[in-house]
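Chains as they are written, first to last, in the numbering used here: chain U, 6 to 356; chain A, 291 to 905.
It is worth saying that the hints were derived from the structure and are not from the lab. Hints are supplied without guarantee of correctness; some may be wrong.
[Said to hold, decoys possible] Across the chosen pairs, the derived CB separations fall in these ranges:
#1 U:337 <-> A:550: 19 to 27 Å
#2 A:637 <-> U:284: 31 to 39 Å
#3 A:763 <-> U:349: 31 to 39 Å
#4 A:763 <-> U:284: 53 to 61 Å
#5 U:354 <-> A:712: 35 to 43 Å
#6 U:240 <-> A:638: 44 to 52 Å
[Said to hold, decoys possible] Below, computed lysine-lysine pairings styled on BS3-like, alpha-carbon distance capped at 25 Å:
#7 U:330 <-> A:490
#8 U:152 <-> U:23
#9 A:490 <-> A:547
#10 U:21 <-> U:301
#11 A:460 <-> U:350
#12 A:490 <-> A:293
#13 U:350 <-> A:552
#14 A:547 <-> U:350
#15 A:458 <-> A:542
#16 U:350 <-> A:458
#17 U:21 <-> A:840
#18 U:330 <-> A:547
#19 U:350 <-> U:330
#20 A:542 <-> A:460
#21 A:840 <-> U:350
#22 U:282 <-> U:198
#23 A:736 <-> A:700
#24 A:774 <-> A:700
#25 A:542 <-> U:350
#26 A:712 <-> A:736
#27 U:23 <-> A:490
#28 A:552 <-> A:542
#29 A:840 <-> U:330
#30 A:640 <-> A:700
#31 A:866 <-> A:840
[To be verified] Computed footprint of chain U on chain A, listed as stretches where at least three residues anywhere in the stretch have a Cβ under 8 Å from a Cβ of chain U:
#32 570-581
#33 739-750
Fair warning: this is a prediction, and the values are worked out from it, not measured in the lab. Yeah, the Cβ is synthetic: ideal placement off N, Cα and C, and Gly gets one too.
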Amino acid sequence: MTYIAKPKLHHPSLPKNKLGFTRRDYEGAVSTLCAGCGHDAISAAIIQACFNANIEPHRVAKLSGIGCSSKAPTYFLGGSHGFNTVHGRMPSVLTGANLANRDLIYLGVSGDGDSASIGIGQFVHSIRRGVNMTYLVMNNGVYGLTKGQFSATADRGSASKRGVVNSDAPVDLITMALQLGATFVARSFSGDKEQLVPIIEAALQHPGAAFIDVVSPCVAFNNHSGSTKSYDYAREHNEAVNRIDIIPAAEAEEVRYEAGAVQDVTQSDGTLLRLRKVHLDYDVHDRIGAMNYLHKHQARGELVTGLLYVSENPEDLHSHIGTCKRPLAQLQDADLCPGGETLAKINAGLR
Amino acid sequence: MTKALQSINDFVVKFANVNGSGSASANELFARSILRMGVPVSPRNIFPSNIQGLPTWYEVRVSEAGYLGRRGGCDFMVAMNPQTWDEDLREIEPGGYLFYDNTRVIHADQLRDDINLIGMPLTRICNERYDDARQRQLFKNIMYVGALAAIFDIDIGEVEKLIGEMYKGKEKLLEPNIEALHSGRDYARTHLNCASIGLKIRRADAVGDRIFIEGNSATALGCVYGGATVCAWYPITPSTSVVDAFQSYCNKFRIDKASGEKRFAIVQGEDEIASIGIVVGAGWNGARAFTATSGPGVSLMTEFLGLAYFAEIPATIINVQRGGPSTGMPTRTQQADLFSCAYASNGDTKHILLFPEDPKECFDFAAQALDLADQLQTPVFVMSDLDIGMNTRLCAPFEWDENRHMQRGKIVTREQLDAGIKFGRYQDVDGDGIPYRTYPGTHPSKGAFFTRGTSKDANARYSERGEDYVENMQRLQRKFETAKSLVPQPIETTHDTPATVGVIYFGSTSPAMQEAMDNLQRRGLVIDAMRLRAFPFPDSVMEFIHRHEKVFVVEQNRDGQLRSLLINEGQINPAKLIPVLHFDGTPITARFITQTICTALNLGHCESMPKQAAL
Ligand SMILES: Cc1ncc(C[n+]2csc(CCOP(=O)(O)OP(=O)(O)O)c2C)c(N)n1
Ligand code: SF4
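Please model the entire structure based on the sequences and the hints provided.
Structure follows, in structure tokens:
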């Protein structure tokens, strides 16, 4: 089995973004996932978000673990370098890649098995180190690739396709990300493109650890009535706290406050995130408040979505450890090797 | 009464202490002052895997002839640990000396009558002089160094100079230490009959321009010179000091003075899996990266090592080996990770291993490993061990060719892509099995590829076709063949008369091996020797084996791992390779090697080997 590359026929009338790229330039190979899989919708949202954000495709490094979700990077950004690592270990590889070259944009894609089970440690530590990345989990509550076992995000009491009831408590990656210091935390649903695309777009431009949990139903193994990660369940219980509009840096000056239902967040590159509030009492800068809010609503079986937390002064791993602005991968002999004369001095000091 | 041992510049002194008693720096002072008199020494720490309270030994080999391995046995025991009294007593050579604290009376049945006793009431003297318990302990150590200086005729001026260097900037501590040193010396001069003690140090000129350094520190310096910028690790004995040293060298040489910006990144991973993951990510993205670990860490890293092998990503792994399996003997030495490293991970994998013999080669091989990893796009292990890593060893000075540049391997640049070069990530363009790669972010429209651990075709497209898989695996095998000529070549010692017996050894076994060969030669046994410095084994290794009737393989593990690798890789008749295996966790001794070889060749007991000290 080989992947079929999509023919790159550029229709002259295709809309172009500011860099002159069409949406096509952000596509990848044809998906081999099940028709209707939530993951494909997320891939499409990533493509749209990169197009909208005017990102040069080759400036993105896309990394993933193992799982149906982790296969997704093959299906978007065909012009980017991608790395399908090992199960649950994408975060460490992404961390290393980021250390080597801080100039690229890092997009980590993972599944709920990948991130909440085998890889929960790496998830935790990449977030707490503040790696500048967008970490997106395609959350379907099951292992898709190995055919339908419960994952650690499956809700207690939810049932498998064969009727087995899950007795374990779920891991909530959102709460963990908040607690661990992620500076951008959002949740969305693969079936809600309107909400998801701008969230991804904003995360890609966020200069710190951005975490997005996306409920992404598995049509093959977890889209039945007993599931809390099915299309129907997600649609019925979607409790959006806000929706984002992204206003590029240049236009940010012109659009300013309306009262009440709008909250503006300026990112460090000047981009304005305009949050149209659905729940007026929700404050996107309140980390603790977000956790409380989530717990309260989760207990009622609601799926709280939207941009849940964003920090106004995010920092990243590089700023914490003080690495130079130039990518480490580009440093040359003269930058790195102390040379023979120094070595002679070291020798002299060792006698 | 056995005749007292007499020897100048050739004997073994051993200190038995209690861990945490502050003896380490005093003992090192002793060793270094002999070195400063131009006489080679080789000290070894033998220490327990806990922080305080358990026995610890420091063995100093003094050898004007320059033997730096362990000889075996002990000529002069400084017995400061009542707990290990019996054991320590047993180890002394007949005619040897026991230096002990006679504050407490020792009964005759606790002693041996074929050794010489030197008692000094260290505890009593210190209790009289110092009020503070910690001071009593610390100055007791310096005091016995003073006494030993008098006994062995060590120039006290050299000891004073070293104490001065030790307490530079802490002058307040200098004076009381010198005082304790002098009072130890004075006591020995007046109360011990120093002239009757037959082991002496005489000034010599046998050290030359050699340097004295721990292997781990040398490895770290090699990583700095080799251009490593990313280091990810998880603490584990005995490799931790590699990263400590890397950090301090980087702080010295890699911080921009004006801006404070660092030209390196060190991350303490949450475990070894994350650490190697970070190294793999950095290597994929064009940085030189390494991790330092030991056996259990390698166990955890194996899945990633398979990925790096199959996806062809450079990674340097410094494995400072210790006693295994599992947690094994964390503070003891072995060479027992050859299997787990050479074939790490599932499926058909083979990794490059480098075997340094001393700190000089730790430096050289660390720098070279970073080059090889990039050139071959694969994991490269530097197989150090606790014996070289954590002991200060005399070795040739470091050298650096100013014209040397980092070998970045086969990289396709943006310019080449613009010029229309055809690029396929896993194509064997040059026939050496090594493909070309592009760094992420190189070109807006050309040269990007997808890296994965699953099977792929020559253009990096996912493929489960049998032909694609087989071709890829055969190319990887070709690459491994190519590595044979790139890795450090073995070093052969041959003789004028052709020998029928050969010996193969590697790594930290080296100094004891050299001495063993001299011993055997003195017995009239001429053996050809080959020191291996890398896996894969260059063809000359198999030729060496074929040229000899019998080949001993000396190594520090139970299963003869090197021997098995030779059999496996070279299709050698196992009967030809005779294992010489030492694996009790202490560094192998020359006596052990000599005796084992003699026994195997039916030459009988070799303990009568000319040993200058036993007159
Ligand atoms: C070390 C290891 N253990 C087990 C597997 C098998 N495996 C592959 S994918 C997967 C689960 C994937 O689940 P998830 O991350 O939720 O992704 P999904 O397929 O549901 O998108 C497992 C267990 C593996 N590849 N590696
Ligand atoms: S098995 Fe589930 S997760 Fe995997 S592709 Fe099919 S629908 Fe998607």
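Hint check:
1. U:337 <-> A:550: 19 to 27 Å: holds (20 Å)
2. A:637 <-> U:284: 31 to 39 Å: violated (52 Å)
3. A:763 <-> U:349: 31 to 39 Å: Since the Cβ atoms of residue 763 (chain A) and residue 349 (chain U) sit about 47 Å apart, the hinted range of 31 to 39 Å is violated.
4. A:763 <-> U:284: 53 to 61 Å: Since the Cβ atoms of residue 763 (chain A) and residue 284 (chain U) sit about 57 Å apart, the hinted range of 53 to 61 Å holds.
5. U:354 <-> A:712: 35 to 43 Å: violated (51 Å)
6. U:240 <-> A:638: 44 to 52 Å: holds (49 Å)
7. U:330 <-> A:490: Violated, at roughly 59 Å.
8. U:152 <-> U:23: Cα-Cα ~42 Å, so violated.
9. A:490 <-> A:547: violated (49 Å)
10. U:21 <-> U:301: violated (44 Å)
11. A:460 <-> U:350: Holds. Residue 460 (chain A) to residue 350 (chain U) sits at ~24 Å (cutoff 25 Å).
12. A:490 <-> A:293: Holds: residue 490 (chain A) and residue 293 (chain A) sit about 16 Å apart, inside 25 Å.
13. U:350 <-> A:552: holds (22 Å)
14. A:547 <-> U:350: holds (20 Å)
15. A:458 <-> A:542: holds (19 Å)
16. U:350 <-> A:458: Status holds; Cα separation ~19 Å.
17. U:21 <-> A:840: Distance ~75 Å between residue 21 (chain U) and residue 840 (chain A) Cα, so the pair is violated.
18. U:330 <-> A:547: holds (15 Å)
19. U:350 <-> U:330: violated (30 Å)
20. A:542 <-> A:460: The hint holds at about 22 Å.
21. A:840 <-> U:350: Since the Cα atoms of residue 840 (chain A) and residue 350 (chain U) sit roughly 46 Å apart, the hinted pair is violated (cutoff 25 Å).
22. U:282 <-> U:198: Judged against 25 Å, a Cα distance of about 17 Å means the pair holds.
23. A:736 <-> A:700: holds (17 Å)
24. A:774 <-> A:700: Within the cut-off at roughly 18 Å; holds.
25. A:542 <-> U:350: At roughly 13 Å apart (the allowed maximum being 25 Å), residue 350 (chain U) and residue 542 (chain A) satisfy the hint.
26. A:712 <-> A:736: holds (10 Å)
27. U:23 <-> A:490: With a Cα-Cα distance of about 84 Å, the restraint between residue 23 (chain U) and residue 490 (chain A) is violated, given a limit of 25 Å.
28. A:552 <-> A:542: Roughly 10 Å separates the two Cα atoms, so the pair holds.
29. A:840 <-> U:330: Violated, at roughly 59 Å.
30. A:640 <-> A:700: Status holds; Cα separation ~20 Å.
31. A:866 <-> A:840: Since the Cα atoms of residue 866 (chain A) and residue 840 (chain A) sit roughly 5 Å apart, the hinted pair holds (cutoff 25 Å).
32. 570-581: holds (count 9)
33. 739-750: holds (count 7)
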